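Chains as they are written, first to last, in the numbering used here: chain L, 1 to 138; chain A, 139 to 905; chain E, 906 to 1020.
Rather than coming from a laboratory, the hints here were simulated on the basis of the structure.
Because the structure is a prediction, the values reported are computed rather than measured.
Just to be clear, a hint being listed does not mean it is correct.
What the hints assert, rightly or not - To give an idea of the interface, some chain E residues facing chain L are shown, with a C-beta separation under 8 Å as derived from the structure: (1) Gly957; (2) Leu982; (3) Ala993; (4) Val997.
To be verified - Pairs of lysine-lysine residues, derived as BS3-like cross-links and limited to a Cα-Cα distance of at most 30 Å, are as follows: (5) A/Lys189 x A/Lys158; (6) A/Lys854 x E/Lys964; (7) A/Lys500 x A/Lys566; (8) A/Lys854 x L/Lys107; (9) A/Lys571 x A/Lys434; (10) A/Lys897 x L/Lys61; (11) A/Lys245 x A/Lys161; (12) A/Lys571 x A/Lys290; (13) A/Lys577 x A/Lys161; (14) E/Lys956 x A/Lys854; (15) L/Lys107 x E/Lys964; (16) A/Lys245 x A/Lys500; (17) A/Lys610 x A/Lys290; (18) A/Lys897 x L/Lys60; (19) L/Lys64 x A/Lys574; (20) A/Lys577 x A/Lys245; (21) A/Lys290 x A/Lys238; (22) A/Lys238 x A/Lys610.
As the list claims (entries may be wrong) - Covered by chain A, per the in silico footprint, the following chain L stretches (three or more residues, Cβ under 8 Å): (23) 11-18; (24) 24-33; (25) 36-46; (26) 86-95; (27) 111-124.
A virtual CB, placed ideally from N, CA and C, is assigned to each residue, including glycine.
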Amino acid sequence: MKTSVILSTAVKYLIPLLLIFSFFLFLRGHNEPGGGFVGGLVAASAFALFAIANGFDEAKKFMKIEPIMLIALGLLIALLSGLVPMFFGLDFLTGIWFEKNFPIIGKLGTPLVFDIGVYLVVLGISTKIIFSLAEEEK
Amino acid sequence: MLFAALSGFIFVLLIPIINKYAKNSVGWIASIFPLALTVYFISFYTNVIDKGNSILESTSWVPSLGINLSFYLDGLSLTFSLIITVVGFVVFLYAGSYMKNYDSLGKFYIYIILFMSSMIGLVLSDNIITMFVFWELTSITSYLLIGFNHEKETARNSALQALLITGGGGLALLAGLIILSGISGSMSISSLASMNDILTEHRLYAPAALLILIGAFTKSAQFPFHFWLPNAMEAPTPVSAYLHSATMVKAGIYLIARMNPSLGGTELWNYTIMFVGAVTMLFTAVLSFKQTDLKKLLAYSTLSVLGTLTMLIGIGSDLAIKAFMIYLIAHALYKATLFLTAGMIDHSTGTRNIEELQGLRKVMPITAAIAILASLSKMGIIPLIGFVGKETVYAATIEYTNFGFLFITLAIAANIFVVYITMTVGFKPFFGKFRKTPKTPHELPFRMWFGPMLLAFGGLTLGIFSSFIIGKLINNTELGIITAKLNIPVKLWHGFTLELMLSFITVLLGILLFWKRNQLLKYVDNISFIDEITPSYHYQKLFNGTLKLAKLQSRILQNGFLRYYIMVIIISTIILGGTTLFSLGEMDYTGIIEMPGFEEIIIAIVMMTATYMTVRAKTRLAAIVAVGVIGYSIALIYIMYGAPDLAMTQFAIETLTVILFVLVIYRLPGYLPFSSTARRIRDFIIAGAGGLLMSLISIIILSNPLSSELKNYFAKNSYAIAKGKNIVNVILVDFRALDTMGEITVLAVAAIGVFALLKLRKGADEK
Amino acid sequence: MNLLLVIIIGLLYTAGLYMMMRRSFVKVIIGLILLSHAANMLIFTVGRITKGNPAFLNKDGAIFEPFSDPLPQALILTAIVIGFGVQAFAIVLFKRAYQTAGTDDLDEMKKTDED
C-alpha cells in the first residue's frame, strides 16, 4: 500500500494521543461516558490508522503482540476477575472494591479488571480482522 | 455416601496420568477403586443388615427445583451396590490382562469407571431427578462401551441401537417421574413409599406407572425391547460381563423393585410386570436355541433370567420377593463368571463359535474348573446358590394362586433352555476330543482367572452358608421392595419337595435337549417366521424410515438458497405474529402521535433517503457510503436521546466497518444485477410486509405502559452497590457481567472463525 | 419522534430483508448490517426514548430526572459490538468464498457446493 509522508508523520504524533485517549475512555468509563468497549474500539482504530499510514507489516511490528493473544488474555482476565469473588465465598462475578480511592483511577475493583478484559478482547478481535484481511490482499 | 457416589468422577481424572506413566499396570491400579468401595459398603453391613436400619443423606444441589443429591442406603441398594463393586473389582482386574493389547486401554478404564459410578449413583439416589441423571449416564457410558471397538461397523450400530432404545425409554421414564412428582409433590423416592394410596388412586396413575415401566423394560431388555442386548455383545467381553449381565441390565429391575412400594399393589402394575416378565423369560430362552456364539448364548440366558426376576416382582408375594433377592445375587455371581470364562476361551483359542470348541479341559484346567463351578450354580445343582435360587423361584411360582400353573410351566420350559445353554457354554468347550482352533490354546494368567474364581467360589460359599448370609439380608433388612420385613428362613435343604423334583426334571430335560441338539436343529432351521415376529425387524424398519423421512424433509426445507430460508422465516413470522396482532383489542396510541421537532425531521429524512440509496445503489461504494450515513445518523439519534456511550460505540464501529469494506471490496468486480424485475417486486413485497410487521409491533409495545422498576433499581443501586456513576457501564461490567462475559466469548469465537477461514486458505494454497 | 422512529424501523427492516434476499453476497452483507441497525433502533425505541439526561449519577450519587433508561442502552451496546463481529466474519467469509468460487453470485456458489 502506498503511504503518504504527511499522513505517516501526522500519525506518528496522533497514535500516542489516540492510545492515551482510548485508555482514558476506558478508565473513566465507570463514571462518565466510555468503558471497555469504546476504549478497545478506539485503540483498534488507532492501530488501523497506523496501518493505513505505514503499511500493515509495520503496524503489526508496532503492536508487538499477536491479536489472538490479546483475545485470549482478555478472556482470561475477565474470567479471573469473576473467579476472585468466589474465593471470598461470593457468587461468580460479584464486584469487589477496595475501600480506598486511588489517584487518577478512582475506585479499584474487580469490575474494572473485568472491563480490562473486555477492552483487550475488543481490541484483539478488531485488529485481528483488519490485519488478516490486509494480509490477504498481498 | 455423597463421596462414594461421586468419587468415581474424580478418580477417573487420574486415569490419563496413570495410563501415561504406568500403562501396563493401569488395570491393577484401577481395580483398587472398586475394591475400596467394596470395603466402604461392607462397613455399612452391621448397621444396615444386622440391625436393619436404613440411612438417608442429603446435600442440596438445585434446591429451588427440589433437586437434591440425596442418597438412600437400605438392604436393596446395599445389595446392588455390593454387586456393582464386587463384580466391578473382578472385571477391572480381568480387563487389564484381557485387553492389554488395546492401545486405548486408558480410555476403556475411563468409560467403565464412569459407568460404575453412575450405576452406584443410580442405585443410591433418593431423589428422582438425581436418579434420572445417573440413569441416563449409564445409558451414555454403555453406548461408549458397546461401541468401544468403533472401527467395526456392527459395534457402532449395536451401540447406537442400545442407546436409542434405552435413551427412548429414559425419556418415557422422565415423563413418568415428572407426573409422579406432580401427583405427590415430592421428589424423594423413600417418601413416595408411604403414599401408595394417593398415588394409585390418582387419575394419572396409569400413564405414570406405564411410562416408568417402559423406561425400566427398555433398560432391562424386557420383551419387546429385548433385542438390543444380544446385539450389545459386540462390546469387549469384560463389558458384557459387567454391564450386560451383572449391573446395567438390572437397573430397570432395580427401578421396578424400588417403585414397587409406591406404585405397586394394583392389578395394572402387577399384571403388566408379571406377564412382560414371563413372556421375556420364555421367548428369549427359546430364541437361544439356534445360537452358536458363546456370548450370544449367554446373552439370551441373561434375558431369560431378567424376565424371571421381573415376573417375580410382579407376583409380589413375600416368597416371590425372597426368590427375587436370592436369584438376583446368584445370577450376578454365576453369569459374570461365565461371561468372563467365555472371554478367556475366546482369548485363548481365537474363536467363540461353539461348534469349534471342545476338549479344552486339558490345556485350560483352571478355566474349565471355574466355568464348571459357575455352570453348576446356573443349572441349580446343590449345594450352590443357584440351587437355592431356583428352588425358591419354583416355590414362589407354585404358591401363586392366580396363574400359578401357567407360570410354573413357563418357568420350567425356560429353565430347560437355561440348562441347555449352560451345557453348551459351560461344559461342551471342555469335554470331548480336542479340536484345532484358530489360535493354539493355553492357560491364562492369574489376573484373568483370579476374579472369576472368586465369583465362582462366592456362589459356592453363599450356597452352603445361605441361611447365614442371605437369610440375614432378607429377614432383617428394610428391603425397599415391600414395606414390611420378610420373615422367611433361607435354607439350602428343604427335604424332598415338589420343587426339588421339578428342579430335577428341569436339569434332566435340559441335558436331553443338549444331547439331541443336532437332530432338533434340522427341524428348527426351516422355521423363519421367528425372525419376522421379533421386534428387531420392526426396529430396523422404523429406523430406516426415520432416516428416509429426515432426508426428504431436509431436501425440501434445506434447499441451500438463502433467500428461500429468509422468505420462509418472514412469511411464517408474519402469519404467526400477524394473527396475534389482529386478535389484540383496542389500544391507546396517543403517546406515539406527537409533533416531532425540526432536527428530528431532518434526521429522519436523511435516514430514509440513505436507506433508499443503499437499496438502489448502482455501485458497491455508493451502497457502503449510504450505509455509513445510516450508521452515523443512528449515532446522532443516540446523542439526542441521552445515550452518549452508544453514540461513541456506534461512531467507532462505523469507522471500522468502512475500513473493513474498503479493504475487501475495492478489488472485487462490479455490482452486477442478478435478479429479474419480477423477482425484485416479489422480494420487495415480502420484505415490505416484514418491515410493516415490525413497525406494528413497535407501535403496540409503545402503546402499552412500560414498567420502570428496573430503570429505577439501576439508578438507585448503581452507586450504592456497584460504585459506578455511569449506569450503562455498571450494568455491563457488574449487574449483567455474565452477559458481557458471554458476549466477549462470542467475539472471540468470531475471531477464531476468521482465523480458521484464513488458515484454510493457506492450507489450500500449499496443495 | 416516536412515530418517525417507528417508520424508520419499518423501512430499515424492509431494506435489510430485501437486501438479504439478493443473490449477490455483498448485498447480503449490507442487508445484515441494515438488519442489525434496525434491531438496535427497535430496542432503543421500545425501551422508551427520553429527551433528557443520560443515565449518569452526579457527584453525590443522585440522578437528574428525567433520565434515559440504561438497560436498553446496555443491551444495544453489546449488540452493536456483536453485530460488528458478525459483519466482520461475514466479510471474511465472503472474501474466502469469492476466492474459491470466483463469483459473487450465491446461486453460482451453490452449484460449486454440489459438485
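Do the hints match the structure? See the list:
The beta carbon of glycine 957 of chain E comes no nearer than 15 Å to any beta carbon in chain L, farther than 8 Å, and the hint placing it at the interface is violated. Of the supplied interface hints, the one on leucine 982 of chain E holds, with its beta-carbon coming within about 6 Å of a beta-carbon of chain L, less than 8 Å. A cut of 8 Å between beta carbons decides the hint on alanine 993 of chain E: the least distance to chain L is about 4 Å, and the hint holds. Given the 8 Å rule on beta carbons, the hint for valine 997 of chain E holds: about 7 Å separates it from the nearest Cβ of chain L.
For the given pair, lysine 189 of chain A sits about 46 Å from lysine 158 of chain A by alpha-carbon distance, which is inconsistent with the 30 Å threshold. Taken as a hint, the lysine 854 of chain A and lysine 964 of chain E pair is honoured in the structure, with Cα atoms around 14 Å apart against an allowance of 30 Å. Restraint check for lysine 500 of chain A and lysine 566 of chain A: satisfied, since their Cα atoms lie roughly 13 Å apart, inside the 30 Å limit. At most 30 Å may separate the alpha-carbon atoms for a hinted pair to count; lysine 854 of chain A and lysine 107 of chain L meet this at roughly 19 Å.
About 24 Å separates the Cα atoms of lysine 571 of chain A and lysine 434 of chain A, which keeps this hinted pair within 30 Å; it holds. With a CA separation close to 21 Å, the supplied pair lysine 897 of chain A and lysine 61 of chain L stays within the 30 Å bound. For the given pair, lysine 245 of chain A sits about 12 Å from lysine 161 of chain A by alpha-carbon distance, which is consistent with the 30 Å threshold. For the hint linking lysine 571 of chain A to lysine 290 of chain A, the alpha-carbon distance of about 34 Å lies beyond 30 Å, and the restraint is violated.
For the given pair, lysine 577 of chain A sits about 26 Å from lysine 161 of chain A by alpha-carbon distance, which is consistent with the 30 Å threshold. A distance of roughly 20 Å separates the Cα atoms of lysine 956 of chain E and lysine 854 of chain A; the hinted pair therefore holds under the 30 Å criterion. Pair hint lysine 107 of chain L plus lysine 964 of chain E holds up; C-alpha atoms about 14 Å apart against a cutoff of 30 Å. Distance hint between lysine 245 of chain A and lysine 500 of chain A is unfulfilled; the C-alpha atoms sit about 36 Å from each other, more than 30 Å.
For a cut-off of 30 Å, the pair hint linking lysine 610 of chain A to lysine 290 of chain A is broken: about 47 Å separates their Cα positions. Taken as a hint, the lysine 897 of chain A and lysine 60 of chain L pair is honoured in the structure, with Cα atoms around 18 Å apart against an allowance of 30 Å. With a C-alpha separation of about 72 Å, the suggested pairing of lysine 64 of chain L with lysine 574 of chain A is violated against the 30 Å cut-off. With a C-alpha separation of about 27 Å, the suggested pairing of lysine 577 of chain A with lysine 245 of chain A holds against the 30 Å cut-off.
About 19 Å separates the Cα atoms of lysine 290 of chain A and lysine 238 of chain A, which keeps this hinted pair within 30 Å; it holds. Among the hinted pairs, lysine 238 of chain A with lysine 610 of chain A is inconsistent with the structure: their alpha-carbon atoms are about 41 Å apart, more than 30 Å. Under a criterion of three residues with beta carbons nearer than 8 Å to beta carbons of chain A, the stated coverage of the stretch 11-18 of chain L fails, only 0 such residues being counted. With 6 residues carrying a beta carbon less than 8 Å from a beta carbon of chain A, the stretch 24-33 of chain L meets the three-residue requirement, and the given coverage holds.
For the stretch 36-46 of chain L, the stated coverage by chain A is satisfied: 7 residues place a CB nearer than 8 Å to a CB of that chain, which reaches the threshold of 3. Evaluation of the coverage hint for the stretch 86-95 of chain L: fulfilled, as 3 residues show C-beta separations to chain A shorter than 8 Å, against a requirement of three. Using a Cβ-Cβ cut-off of 8 Å, 9 residues of the stretch 111-124 of chain L lie near chain A, which meets the minimum of three, so the contact claim holds.
When held up to the earlier numbered hints, the structure conflicts with 1, 5, 12, 16, 17, 19, 22, 23 and fits the remainder.
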